[in-house]
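Please model the entire structure based on the sequences and the hints provided.
Each chain is listed here by its residues.
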Amino acid sequence: MADTASYHEELIKSIIESVYRELGDDADPEQVRRIVRKTLEEIENNRVIHAGPDENSIPSVPMSSNRIIVTAFGKNKPGVVAAISERLAQTQCNIEDISQKILQEFFAMILIVDIRNCTLSLRQLKDELGGIGNRLGIRVLAQHEDVFNYMHRL
Amino acid sequence: MDFSTNRHTDLSFEEILQTISMTEIEHFDIRTVTMGINLRDCAGGSVGEVSRRIYEKIVRCARNHVSLADQVEEQYGVSIVNKRIAVTPVAVMCDSFDRSGMIEIAHSLDRAARELGVDFLGGFSALVQKGFSHGDRALIDAIPEALAATERVCGSVNVASTRAGINMDAVARMGEVIVDAAQRSADKDGLACAKLVTFCNAVEDNPFMAGAFHGVSEPDCVLNVGISGPGVVLETVKKYPDMNLQDLAEVIKKLAFNMTRVGELFGRKLSKALGVPFGIIDLSLAPTPEPGDSVGAILEAIGLEKVGAPGSTAALAFLTDAVKKGGMMASSHIGGMSGAFIPVSEDHTMIQRARTNDISIEKLEAMTSVCSVGLDMVAVPGDTPATTISAIIADECAIGMMNNKTTGVRIIPVPGKKVGQEAVFGGLLGTAPVMPVREISSAQFIRRGGILPAPVTGITN
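The listed protein sequences derive, respectively, from chains A and B. Per this note's numbering, the very first residue in the first sequence carries number 1; after that it's consecutive. Per this note's numbering, the very first residue in the second sequence carries number 1; after that it's consecutive.
Be aware that a few hints might be false.
Claimed, not checked - Listed below are the simulated BS3-like cross-link pairs for lysine-lysine, each with C-alpha atoms no more than 25 Å apart in a straight line:
1) 130(B) - 306(B)
2) 75(A) - 239(B)
3) 239(B) - 101(A)
4) 188(B) - 418(B)
5) 405(B) - 130(B)
Keep in mind the hints are simulated off the structure, nothing from the lab.
Given below as structure tokens:
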């Protein structure tokens, strides 16, 4: 999700945060190496999605913003907001706005999410949120904000 | 809570849910992103040299076409059904070649399409509305073998226009070509004919197959987008069974606006990433054989018991007009056909109605006077005379010529099959019930040949 200019800074920040989260004060050199490798792989996967299968020869599709809209709907039950927001936080996604409507036992929730620092690719994030939805028996969808803005505004 | 007062976005809750509903439930998709590639700079020299140059140019220009379109799909969560290529009409580029040279070029185009992973490549085409050049004749002679022997190449021949009239010699020849192409692909129910369109007033920037080609006035390389969305329109029309027609037109216009805006987003993003100009958005509603993705079903939801009933032409005119008006506001790149396609074999409801004989070729012909193109993917008995097929083409050309619109014929005389049987093409080409054709001869009319003169409407200067 990062621009090229801010890539290194964000990479380092992301690695430090991952190491800190996993180890706390008990860092061990082998553990650090493992986590750094894992984090780099995640970031690399994330870049590949945006740069195409071979970034040396294939340009990427430019995005207008770093935000997605996450929509969840289905039968109302406890824990829906917690489950989704927890996973978003774990993947360094920032919820900018949240809104929901409840009609009898059904609900619809919409979140505006900044994915600039997301540690997953959009595909991975979509799959994970979809998986949370499946476990809770609801639908959870994530789409880039551009689609909504273009569809409804000139 | 409404987002309208929110600093983050001015989208309302309802607008977000509408988008989700269209993309996730009603099968809204972008039907095609078609890259147009000029091949005139590949002309000159031997067949082998030209063949190599066109292969290299197509692969060079379109090498990222499929992968970048896949990325756009992935990022925005709306699928692009087809990624295709259209090239300069081969007869224009290879005017000095004979029939065998044209066939070799078709194989080269087929290889390029395979290499790039695109299912159809259009442009094995000739423009003969006013007469034939050497290359035009060679290409038309080559069509049956070229389309039967290749998998992905599509061809078209423009035989008429409002300004030139109808080239009846070409119309007569196309009847024979279609019968020949069907026989050469008899083992596949005449599949070669499903890749061949005979046009009046063909457009140079049509992104839809089988009639796409890259017009001679187009830039070197361009990206055209075809939207779709019959499912979205169908679901919405069903919600308003008693609404009057001008209000229903407003509802359809808004949907067409929404859908076209997504086409605009995809066209802008993809053309920028590819580094080629954004050409046009074609606003056509294009069905697929999937249930619910049918233009015929929309006409029925508008109020016909079955498509083919009296009122079908009026309902289609209403639909086509509303789609155009909504789409025009959404983009300044409108072009192509822009309307509604009514291919029989590619539309779930049309297939059903053709099976039960509720829709006839004559009713389809009337409907083509107000749709995007014309008689599309219509299967007829294998023993239909070539002159009858030519006469059907002449009728369509007359509708297009007199009304200053594009019309086309994609007809399949299915070898060995009769009314009541079906041609099965599979995939997006679907299944075509063999429809009855009147067994009254038009042979003498077709044998006259010559040019059917252009109408007064063509003399507008």
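Results of checking the hints against the structure:
With a C-alpha separation of about 40 Å, the suggested pairing of residue 130(B) with residue 306(B) is violated against the 25 Å cut-off. Distance hint between residue 75(A) and residue 239(B) is fulfilled; the C-alpha atoms sit about 23 Å from each other, no more than 25 Å. A distance of roughly 22 Å separates the Cα atoms of residue 239(B) and residue 101(A); the hinted pair therefore holds under the 25 Å criterion. Note on residue 188(B) and residue 418(B): the hinted pairing holds, with a Cα-Cα distance of about 15 Å set against a maximum of 25 Å.
Simply put, residue 405(B) and residue 130(B) have alpha-carbon atoms about 17 Å apart, close enough for the 25 Å limit, and the pair holds.
This entry does not satisfy hint 1, going by the numbered hints stated previously; all others are met.
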